[in-house]
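Each chain, letter by letter, is given below.
2 protein chains.
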Amino acid sequence: METPRTEDVQHEEAVKTTVVALDQGEESFHALEWALETIRFGASDKVVLIHARTSPASRLSAFGGPEGYIVSTDLILNMEKAQEREINEFMDRALQLCEKKQVKAVKLIVYGDARDVISEETKKLHANMLVIGSHGYGAVKRTFLGSVSDYCVHHVECPVVIVKKKPEKKDA
Amino acid sequence: METPRTEDVQHEEAVKTTVVALDQGEESFHALEWALETIRFGASDKVVLIHARTSPASRLSAFGGPEGYIVSTDLILNMEKAQEREINEFMDRALQLCEKKQVKAVKLIVYGDARDVISEETKKLHANMLVIGSHGYGAVKRTFLGSVSDYCVHHVECPVVIVKKKPEKKDA
Numbered sequence: 001m002e003t004p005r006t007e008d009v010q011h012e013e014a015v016k017t018t019v020v021a022l023d024q025g026e027e028s029f030h031a032l033e034w035a036l037e038t039i040r041f042g043a044s045d046k047v048v049l050i051h052a053r054t055s056p057a058s059r060l061s062a063f064g065g066p067e068g069y070i071v072s073t074d075l076i077l078n079m080e081k082a083q084e085r086e087i088n089e090f091m092d093r094a095l096q097l098c099e100k101k102q103v104k105a106v107k108l109i110v111y112g113d114a115r116d117v118i119s120e121e122t123k124k125l126h127a128n129m130l131v132i133g134s135h136g137y138g139a140v141k142r143t144f145l146g147s148v149s150d151y152c153v154h155h156v157e158c159p160v161v162i163v164k165k166k167p168e169k170k171d172a
Numbered sequence: 001m002e003t004p005r006t007e008d009v010q011h012e013e014a015v016k017t018t019v020v021a022l023d024q025g026e027e028s029f030h031a032l033e034w035a036l037e038t039i040r041f042g043a044s045d046k047v048v049l050i051h052a053r054t055s056p057a058s059r060l061s062a063f064g065g066p067e068g069y070i071v072s073t074d075l076i077l078n079m080e081k082a083q084e085r086e087i088n089e090f091m092d093r094a095l096q097l098c099e100k101k102q103v104k105a106v107k108l109i110v111y112g113d114a115r116d117v118i119s120e121e122t123k124k125l126h127a128n129m130l131v132i133g134s135h136g137y138g139a140v141k142r143t144f145l146g147s148v149s150d151y152c153v154h155h156v157e158c159p160v161v162i163v164k165k166k167p168e169k170k171d172a
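Which chain is which? The protein sequence lines are A and B, in order.
Residues 1 to 172 (full-length UniProt numbering) are what the first sequence spells out, left to right.
Residues 1 to 172 (full-length UniProt numbering) are what the second sequence spells out, left to right.
Each hint should be verified, as a subset may be incorrect.
Repeated chains share a single entry, so a pair holds when one copy, or any two copies, can fit it.
Unchecked claim - Quick list of in silico lysine-lysine cross-link-like pairs, DSS-like style, CA-CA up to 30 Å: (1) 16 - 100; (2) 124 - 81; (3) 164 - 123; (4) 124 - 164; (5) 164 - 101; (6) 107 - 124.
What the hints contain is simulated information worked out from the structure, not anything from laboratory work.
Bear in mind the structure is a predicted one, so any value in this text is a computation, not a measurement.
Just chain A, same shape as in the assembly (with noise of 0.2 Å):
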């Protein structure tokens, strides 16, 4: 009997990777949804949900400085606290949606500004597709610099989905 050429076992097998895009806003809980709904997933295939933070170092900045007199490192440490534990509460909500969906999923949160974080990693990983919110990362910013999502589109070679918030229902 005639076994498979290795080679084309590991074709077979090649792993595919989907990077979401999670900011703890709806819309992008709602793009992960989309993926999982959408995307064919193999059972050796996985998803990277990416959460960009800013550093430590670049928030106290924005309070003052470190050598700040409005607001206490203790306070502002304080809240870094509080966020971390958002994010991780976000994050593992959409952990939890894959493994229900069972879709193999792992996180990542890197600090420094979203347009190259997610850029950069979705590169680094060699994804197939990344999945994005239309509205991520705050409206200032996009006033300023344009959309994460635009960026991305010009800044990664895979396919990249983006996804917009989700119709409100008007019988609800």
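Given chain A, put chain B in place with the hints provided.
Using the frame of chain A, we list chain B on its own:
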């Protein structure tokens, strides 16, 4: 035995429509291949293969108007017919691919500017998704008006998948 409620059955069987924009370029054909390989299509779901054509009238005017002296109307009409034949061949190749992958598909050729045609038809069809190549419909127009895909991302409500040119195989 409890029978499923009518609305449950209707919900289960809701037809999902995926619009794929084709412009005769290989990138758009790759976008279709991507969709057929990646998306989970139900038995009643369908793909609408859309092609936007410049109207014959605007072609005539581009060649010097109906009263133009440079190129005869006969020549233009022959070019028009030849192009129509080419488009139909391309669209039929796309239909055959859908058939091979056992996904229902129809073709839709609409006269008008690609930006308007694709986004308007996507809305009219209440599509669940639009799949489009990143560089379709001519480099010159893209330089002045931006890409058709960028326009569609900002003008349709459903998720938009932007697919880039298939990477060239190094060992091929």
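Right, here's what the structure says about each hint:
1. Taking the closest pair of Cα atoms, residue 16 and residue 100 come within 30 Å of each other both inside a single copy (19 Å) and across two copies (23 Å).
2. In this assembly of identical chains, residue 124 and residue 81 lie within 30 Å of each other by CA distance solely inside one copy; the values are 28 Å within and 47 Å between copies.
3. Both within a single protomer and between protomers do residue 164 and residue 123 lie at most 30 Å apart by alpha-carbon distance, with minima of 23 Å and 14 Å respectively.
4. Within a single copy, residue 124 and residue 164 get their C-alpha atoms as close as 26 Å, and across copies as close as 18 Å, so both meet the 30 Å cut-off.
5. Taking the shortest Cα distances, residue 164 and residue 101 sit within 30 Å of each other both inside one copy (21 Å) and across copies (28 Å).
6. For the homomeric pair residue 107 and residue 124, the shortest alpha-carbon distance inside one copy (15 Å) is at most 30 Å, but the shortest distance between copies (38 Å) is not.
No hint from the list above goes unmet by this structure.
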